[in-house]
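Enquirer: Full structure from sequences and hints, please.
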Amino acid sequence: MSELTGWGTEVVITVCPHCDWRYLVPVDKAALRCPHCFAADLEPVTEGVEQLPYLHPPELMTPFSVTKTTADQHIEKFADGIPFAPRDLNPEALRSRVQPLYLPMWLVDGDVTATWEAEAGFNYDVVSHQERYSDGGGWATQQVQETRIRWEPRVGQLERHYDNIVAPALEQHAAMEQALGVYALDNTQPYAVGTLERALVRLPDRAPEAAWADAAPAFQAAAGEECRQAAGADHIRQFRWSPAYTGQHWTLLLLPLYATYYLDDDDEPRPVLINGQSGRVFGVRRASMQRAQHTALIIVAIAAVLFLLSLAVGVAGLAVPPLLAVGGIGGVLALCVGLGAIVPIVRVWQFNRKPVETL
Amino acid sequence: MTTPFPPPGFIPAASAIPGIAVYAPAPEETEALPEIIEFKCPQCQAMTAYCVADGGLRCTYCGYYEPPKRSIVGKGAQEFEFTVETMAVASQAHGWGETRQELQCQNCNARATLPPGRLTHTCPFCGSNRVLQQDAPQDVLRPRFLIPFKIEADTCRPIAEKWLGSSWMTPKSLKQSTVAGFTGIYLPYWTFDAVTQADWKAEVGHQETRRRYNSSTKSWESYTVTVWRWESGRVRKFFDDLLVTGTARLSGVLLRQLQNYDTHALVAYEPQYLAGFLAQAYDIPLEKAWEEGREAMRAATRDACRGQASTSQIRNFSMALDFSEESWRYVLAPIYMTVFQYEGQPYQVMINGQTGAIAGQRPVDWHKVWLVVGAIVAPGALLSLLGVLAMVLGLLLPPALGAAAVLLVPGIILLIIGGIIAFTIVGKARRMGDV
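Sequences listed follow chains V and G, in order.
The numbers in our numbering rise by one with no breaks, and the one at position 146 of the first sequence is 152.
The numbers in our numbering rise by one with no breaks, and the one at position 269 of the second sequence is 471.
FYI, nobody ran anything at the bench for these hints, they're computed from the structure.
Bear in mind the structure is a predicted one, so any value in this text is a computation, not a measurement.
Among these hints, one or two may not hold up.
Have a look at the derived ranges for each label pair, beta carbon to beta carbon [as the list claims (entries may be wrong)]:
#, chain 1, residue 1, chain 2, residue 2, range
1, G, V275, V, G144, 35 to 43 Å
2, G, P214, V, D240, 15 to 23 Å
3, G, G278, V, H241, 23 to 31 Å
4, V, I155, G, T426, 53 to 61 Å
5, V, H241, G, T357, 38 to 46 Å
Just a sample of chain G residues kept apart from chain V, beta carbon distances all over 12 Å, derived [unchecked claim]:
#, residue
6, S217
7, I239
8, S368
9, E410
10, G435
11, L444
12, L452
13, W492
14, R504
15, T513
16, V541
17, P581
18, G582
The C-beta atom is built at its ideal place from N, Cα and C for all residues, glycine as well.
Expert: What follows is the structure in structure tokens.
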């Protein structure tokens, strides 16, 4: 557990008994709800810690670009415009539960020795012509320049060191990226001690051996780009190489995320996630069928009262014939109101028809 | 078995990043030829020259034969794009080997001054052949390909004599003239490829027959009107090896008549092909030649667009044309030339060295031409004259008016037809001397 000392804050490893996500949490926040499923409180991990892929402090982190205020605005927008929204789906409730969180990504450093071959593309300009003709005006010629690419074969040898090649550290990384968008990695910073005082850190569930399948193509892409620059080319394609990797060093990069939730009709937590860098929101917006049914019942009750009144007026109409017409009108009105009861239910059904996405 | 690195044919290239070695294909090895190549027989030291019949170098004394090093490349001959760099250089250059050169024959020490652009020289004193490998402003502006001679010089005379005797307009005594001394010369040509795509629109006239009631004749009658409708279309046309002459020093009129070269016979340039022939570098630069080429292409595309219209009655025609996939080649094409004298006047004759097509100037026997013209016009003129006389006579003797009409009508018709034929004959006779 000596790895945990470098984080700058006293932390414990916790796990969600419901979704099995593991976190590093400051000791004083160990009893938090799981910011992924919000279905259970986090429990400290006491056994099998040695099997966890990585517990060292990360090398780099992407800071939160979305402030708390901006996140609140995104939350308000998320909660707005839902017909018969669940009582818990309101900005106040969502705001009060916001939990900052960091997702991990692997950073790999390594030395590569390889032979490579590719087609290098060089831009060049050609002169072309566009012409117009009309019976009255004759020919009008315009000279235009077009940029074309000349592809030439290149081969070579490479002996380079690459730093901070990224690879997913979570099995759900692709789904996360689809939901929250791709994080830009150009403004990463060294890990700041004290980061964990404000946010939790999700622990990797993917070992470096498993992540290598994604890291190797990233190494190839980086090498391809360097070979393009080395050849002085404008483009490169068909890059193939036979690499030999040595001196690999794995560390982590943290990506920022806000997590909150609301309770649906069945009191089940529905997570809402906000990309801490771009502000993109992911969550299921559900209308409340319960609230729709309550509204429908009230409308039916009003219709029933109207109907009974109309019936009474109609009976009185047997004695005073003009009241018979009033009773008839009241009956029709009651029927119309009664039919209107279906509107809230249909509205909610239609809104909830959208597929439910979960991570 | 391990693959060798770098692969064969690759050489080290500059690398902008330390730790990365880059290898590029080695440039095609170009044989460093001396500035002036003399063709001497390795067996007897006599002069050798390109032999049209054998397609290689042959010694006229001992019969030594050296086949050409390279084979036919045909339409696969490398084409060049109109890159900005090439156009910039081509606009500054005025041909390859522009400056006059003074040569001293290494065989007999005679000195000769060559005119601009001349690529070959045969010493007038000892007959030794040489090809000059002058510097080009850019490598692509050297002749890279040529169409070799297929017609032997000996064949030119019968071709020319047959051609001279093929027209009745030439003087009878011309058949006895000697048309000899044909000189083989490689002329510069630009070949152009391009795809043109044109979108056109025009008003196209359609004839429609309608009926209307004529109140004065109280009957229905038919009449024709032209109805104009807008039509549009798209034409895509591929031009392959459009030839444009690269020299303005010879008659463009004659060269255009001989331009039926088959570019399937293109071979890579070898100085051996030029041995024993004259050769001229271009003096019409690429840009100017391409202007001429484009003009021909856009005219052909415009004709194709007009051909798409549903009738030939067209007005308000307009089109937008895009050129793409443009490329060019600089080639040498063979021609035989001679000048013969007739009654003290020089006449040029040229023969396509590949196909044998002939074009040239021929003297015209104008007495013969005017006699024929007179014979054609005379019947109509005579009948018309008789008709007029009969008409005058008809003023005194009215029955003669009928005869006047019988004579005058066919007379005028014959006169018109005869006039048209005579006009054509005179025009053709005048063009026989054009250069």
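Enquirer: Report the numbers of all earlier hints that the structure fails to satisfy, in ascending order.
Expert: 5, 6, 13 and 14
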